[in-house]
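The sequence shown: position 72 = 72 (full-length UniProt numbering), numbered continuously.
It is worth saying that the hints were derived from the structure and are not from the lab. As the structure is a prediction and not an experimental result, all values here were calculated from the model. Where hints are given, some of them may not hold.
Below, a list of computed lysine to aspartate or glutamate pairs in the EDC-like style, where the Cα atoms sit at most 20 Å apart [unchecked claim]:
hint: 1; residue 1: Lys-102; residue 2: Glu-7
hint: 2; residue 1: Lys-71; residue 2: Glu-16
hint: 3; residue 1: Lys-102; residue 2: Asp-75
hint: 4; residue 1: Lys-102; residue 2: Glu-46
hint: 5; residue 1: Lys-102; residue 2: Glu-56
hint: 6; residue 1: Lys-104; residue 2: Glu-7
hint: 7; residue 1: Lys-102; residue 2: Glu-13
hint: 8; residue 1: Lys-102; residue 2: Glu-16
hint: 9; residue 1: Lys-102; residue 2: Glu-68
hint: 10; residue 1: Lys-104; residue 2: Glu-46
hint: 11; residue 1: Lys-71; residue 2: Glu-46
Listed next, with one range per pair, are the computed distances between beta-carbon atoms [stated by the list, open to error]:
hint: 12; residue 1: Arg-81; residue 2: Glu-56; range: 39 to 47 Å
hint: 13; residue 1: Asn-11; residue 2: Glu-89; range: 43 to 51 Å
hint: 14; residue 1: Gln-12; residue 2: Phe-82; range: 20 to 28 Å
hint: 15; residue 1: Met-88; residue 2: Ala-10; range: 35 to 43 Å
hint: 16; residue 1: Thr-6; residue 2: Ser-91; range: 30 to 38 Å
hint: 17; residue 1: Val-60; residue 2: Thr-6; range: 40 to 48 Å
hint: 18; residue 1: Val-60; residue 2: Leu-9; range: 33 to 41 Å
hint: 19; residue 1: Leu-103; residue 2: Leu-54; range: 16 to 24 Å
hint: 20; residue 1: Asp-67; residue 2: Leu-103; range: 30 to 38 Å
hint: 21; residue 1: Glu-89; residue 2: Glu-56; range: 28 to 36 Å
hint: 22; residue 1: Arg-81; residue 2: Gly-45; range: 27 to 35 Å
hint: 23; residue 1: Thr-5; residue 2: Lys-104; range: 15 to 23 Å
All residues carry an ideal CB built from backbone N, CA and C; glycine is no exception.
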Amino acid sequence: MLYTTTEHLANQEIIETLGTVTGNIVQSKHLGRDIMASLKTLIGGEIAGYTEMLVEARQVAVQRMLDEAQKMNADAVVGVRFTTAAIMEGSSEILAFGTAVKLK
1 MLYTTTEHLA
11 NQEIIETLGT
21 VTGNIVQSKH
31 LGRDIMASLK
41 TLIGGEIAGY
51 TEMLVEARQV
61 AVQRMLDEAQ
71 KMNADAVVGV
81 RFTTAAIMEG
91 SSEILAFGTA
101 VKLK
């Protein structure tokens, strides 16, 4: 299924708006990653373990959003956005949302 951050798809005509679709995941920190992150703060630089964790979490959120759109028989999701929020100490939510549409 197509998804985009833009409101329109090139060379495609939206014929129906089906509604908002969302996908989210609440991800907690991992003890092993925390130990490596603590060491990394001493020397600086990217904390690769956390980067990988967030990439994976974002992919899960997007897939859940697309699954919801598919249940609505959508052809695409436009206007996709991401947001994050701290849920409690040591965990955060990634939310993907957009508008499910039918294409001509």
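Next item on the list: May I ask which of the numbered hints given earlier this structure violates, with the numbers listed in increasing order?
Entry: Violated hints: 4, 5, 10, 11, 12, 17, 18, 19, 20, 21; rest satisfied.
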